[in-house]
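J.: Each chain, written out:
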Amino acid sequence: MRTSPVIFLSLLFIFTVCTDEKNTIIPTESANERFAESMQWNAQHPYREIILTMDDYTILSIADCHVGSTKNLDQLFIVAKNTNSSAIVLVGDLTTGDSQDYEEFVKHLPPKDTLPLFFIAGNHDEFYSGWKEFYNRFGSSTYYFSVKTPHATDYFICLETGGATLGDDQLQWLEENLKSKREDYRHCFIFTHNNLLRAHHTLSTTPLAEEVVTLVQLFTKYHVGIVITGHDHLQDDRLFGITRYIQLDAFSDENRNAGYLRLNINNGMISYSFENI
Amino acid sequence: MGQTKVIAFTDVGTKNVTHGLFIKSSAIGSYKFGRNLIESGLLMNVRSNNQRLFPGIRILASREALNRKKPVELQGFLLQNTSSDILTETNYGALFHIKRKYYDFALGTNFRTYAFTRRAIDTYEIQNNAVRFTEPWNLMYALSLYLKQMNSYWNIGLSLTNFDYFLIYQETNPEINLKILYQLNDHLSLLAEGWYETSGLLNRYANFFGIFARTGIKWTIK
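These protein sequence lines are chains C and S, in that order. Mind the numbering: the first sequence is residues 5 to 281 in my numbering, read in order. Mind the numbering: the second sequence is residues 67 to 288 in my numbering, read in order.
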C-alpha cells in the first residue's frame, strides 16, 4: 500500500497543536462547565436589584479594557461618579489574561458598595486558565440584574461568550429566563463579550451562523431592546429586526478611539451615546 | 453523453443549538455534460428543534478547465437555510476547486444574508431598514488529504474546512472531518464521516460547538 506522507505530517501537526501546554486550541474547561460554576455562584449570591428613587437613570458600559495599564479605567470611575451613573457593565476582556493583570485590575476598582459593577468574562480573561482567576475574583459570568425605579423595572442579562459560544446549557438558561421573566420587566438589555453580527470582514471569531440565527430569533421574540458587545475592537451600531446591536470600541489605553457607552433611560425611553474617554 | 450522480446521506449528532440529538437527511443530484456540471440538493429534518421539514436547498453550477494539463473547477452556488421560524439565511458565492491524487483543495468566498420572513416583519413590525443583514466576503476553504489515491476502491481522508453541503461557517470556525470511502462497484460507493465543530480558532480560546456522524451512498448513473 502506498501511503501519502502529507497525511501523517498533518496528523502530527494537529496532535502537536492540540497538546500545546498553553492550550491554544483545547480550552481547559467547556462553556457548560463555566456556566455550571456561574450557576453555583448564583445559587449562593442572589441576583442584584438596583433600587432608585428617580425614574431616570444612566448606566455605563465598556469592553476590552485589557488591563495592563489602567489610565482609561481610572478615568471611567471618575466619569461614573460625576455623572451619577447607577452602574457600570464591563463586557469582557478586562485583562490580557495574566493573573498579574487581574491583580492590577482589582487594585483600581472603586471601593465596594460605592458603585455597582457588573463583570463579564471575555476570551482573553479565560485564556491560560484565566477563568479560574476571573471566577475567584468576580464569580458568575452568567446572571441578570434589574434596575427598579418608582414606576418600572428594567431587566439586564449578562452572558458569557468568551469561548465564542454560549454552550447549550447557557442557551437553555437564557431561553427559560426570557420566557418566564421577560414580561415582568419594561426594557430588556443583553450584555456579552462576543459580537454576534459580522458587519465587516474580520479575523475575530464570532459565534457560528446557526447560533447567531438562534439568538436573533430569541431576541426578537422576547423584545430585547439592545444587545451590547465588544470583542472586535471596532464600534458598530445597527438595528436588525427590533433589536439594536451595539459593538463597543476597545477601552484599552492603547486605543486612540477608546470610549464607553452611556445608556440613558429618560421618561421611560431608551437613548444612548458613545463617549470618548 | 452526460453523467448523472446522486448522493444521499444522513447526519446524526448534536450541536449547542439543537437541544439534543438531531437527524437530518439530504439528497443531492448532479448532471455533468462535457466540462460543465449542474447540481441541486435538498435537506430534510428527521428529528430537529426546527419544525420545517425541508430547511435547506442548494444549487450549484461549475465548469472544469485545464491548468498545465491538470483539471481545475470553478463553482458558483446558492444555498438557502430556513432553520428558524422567523429568519432565513441565504448564501451565494464562488469556489475554486482542484483535485489531485492525494488531496483536494477549495478556496472561495461567500456573502451571507440573514433576512426576516414576511410573517416576522408583520408580526414584529420590523422597519424596512432592519429587515436584512449581510456578512460580506467570508473566506471559504477546504483541504482534504487522503491516505490512498483518489481512484482507489477504498480510502480514508481528513479534512479541515469551514463549509458543508448546506452550511457555510465563518472563516474563523473551522471543522475537522474524518471520512471513509468504499466503492462497492462501478456505480455505488459508501461513505462514512465524523465531523467535529469548534466555535472558533482565532479567538485564543474556543469551545466545542458540535459533533455528528454521516453515512451515505453515492450512485453514479452512466
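If you're looking for bench data, these hints aren't it; they were derived computationally from the structure. A portion of the hints provided could be inaccurate.
Stated by the list, open to error - Selected chain C positions facing chain S (in silico; Cβ < 8 angstroms): (1) Gln-104; (2) Asn-270; (3) Ile-274.
What the hints assert, rightly or not - Listed next, with one range per pair, are the computed distances between beta-carbon atoms: (4) Ile-222(S) <-> Ser-133(C): 34 to 42 angstroms; (5) Arg-52(C) <-> Gly-95(S): 52 to 60 angstroms; (6) Tyr-262(S) <-> Ser-184(C): 33 to 41 angstroms; (7) Val-112(S) <-> Asn-270(C): 30 to 38 angstroms; (8) Ile-222(S) <-> Asp-78(C): 23 to 31 angstroms.
Remember, it's a predicted structure, so these values are computed and weren't measured experimentally. No residue lacks a Cβ here, since even glycine has one placed at the ideal position from N, Cα and C.
J.: Run every hint past the structure and note whether it holds.
T.: Hint check results:
Restraint check, Gln-104(C) versus chain S: the minimum CB separation of about 17 angstroms is more than 8 angstroms; hint violated. For the restraint placing Asn-270(C) at the interface with chain S, the shortest Cβ-Cβ distance is roughly 22 angstroms, beyond the 8 angstroms limit, so the hint is violated. The beta carbon of Ile-274(C) comes no nearer than 16 angstroms to any beta carbon in chain S, farther than 8 angstroms, and the hint placing it at the interface is violated. Our hint of 34 to 42 angstroms for Ile-222(S) and Ser-133(C) holds, since their Cβ atoms are close to 35 angstroms apart.
As the Cβ distance of Arg-52(C) to Gly-95(S) is approximately 58 angstroms, the hint placing it in 52 to 60 angstroms holds. At about 34 angstroms, the CB distance of Tyr-262(S) to Ser-184(C) agrees with the hint of 33 to 41 angstroms. Hint check: Val-112(S) to Asn-270(C), Cβ distance near 51 angstroms, so the stated range 30 to 38 angstroms is violated. A hinted range of 23 to 31 angstroms for the beta carbons of Ile-222(S) and Asp-78(C) is inconsistent with their spacing of about 58 angstroms.
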